[in-house]
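Go ahead and model the full structure; you've got the sequences and the hints to work with.
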Amino acid sequence: MASAAPAKKMDPSGVKVLETAEDIQERRQQVLDRYHRFKELSSLRRQKLEDSYRFQFFQRDADELEKWIQEKLQIASDENYKDPSNLQGKLQKHQAFEAEVQANSGAIVKLDETGNQMINEGHFASETIRTRLQELHRLWELLLEKMREKGVKLLQAQKLVQFLRECEDVMDWINDKVLCYPCSSGEIAFICVQISILV
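One point on numbering: in our numbering, the residue at position 72 of the sequence shown is 593, and numbering is uninterrupted.
By construction, these hints were calculated from the structure, which means they are not laboratory data.
If a hint is listed, it holds; no wrong ones were tucked in.
Distance ranges between label pairs, derived from CB positions:
{"id": "1", "residue 1": "591", "residue 2": "651", "range": "19 to 27 Å"}
{"id": "2", "residue 1": "663", "residue 2": "553", "range": "57 to 65 Å"}
{"id": "3", "residue 1": "647", "residue 2": "682", "range": "46 to 54 Å"}
{"id": "4", "residue 1": "634", "residue 2": "551", "range": "45 to 53 Å"}
{"id": "5", "residue 1": "626", "residue 2": "685", "range": "35 to 43 Å"}
{"id": "6", "residue 1": "613", "residue 2": "663", "range": "19 to 27 Å"}
The list that follows gives simulated cross-link-like pairs (lysine to aspartate or glutamate, DMTMM-like), each with its CA atoms no further than 20 Å apart:
{"id": "7", "residue 1": "614", "residue 2": "666"}
{"id": "8", "residue 1": "593", "residue 2": "619"}
{"id": "9", "residue 1": "588", "residue 2": "633"}
{"id": "10", "residue 1": "631", "residue 2": "621"}
{"id": "11", "residue 1": "631", "residue 2": "648"}
{"id": "12", "residue 1": "631", "residue 2": "572"}
{"id": "13", "residue 1": "667", "residue 2": "600"}
{"id": "14", "residue 1": "614", "residue 2": "599"}
{"id": "15", "residue 1": "667", "residue 2": "599"}
{"id": "16", "residue 1": "569", "residue 2": "648"}
{"id": "17", "residue 1": "611", "residue 2": "599"}
{"id": "18", "residue 1": "674", "residue 2": "604"}
{"id": "19", "residue 1": "611", "residue 2": "592"}
We treat Cβ as the ideally placed atom computed from N, Cα and C, and that holds for glycine.
Below you can see the structure in the form of structure tokens.
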């Protein structure tokens, strides 16, 4: 029994032999289609790998910045202004601290630019990036607030120490005058009441 369609010839190794130009053209088109599909998939995979790579760098930079902010928050939250000793030195250290924080403000700006660019490009982790940036901004604002508060409290503590020194000087001056000019105990009591009102 003979079949209606001619059988495709095979060489001894089992590979189909292409006989006509149409067979060759069809096979060529199949190979080209597979090649184009491979290139598309390869390009898509490359883009995903690049996005993942950029995201890993963003995460690393965000982690480093968060760690730095947390360290600085501890310094800014320190209540060393309550101890009046060496307030001038503490003020100078705080001014250096403020300068350091301002010098590093570019880190959050750079991270913002990178993160927002990734979000605008439709990065697969856009929501995570957005959330991370919001948290970093919250921490940054908290750091700035704590830093300002500590600066104000250090200045207030310095003014208080100066005021107490001036009061002490006035009290010493008054005591010297009382010793030089004898007064009755009633006059001394009156002067003490007046001084306590001033203080």
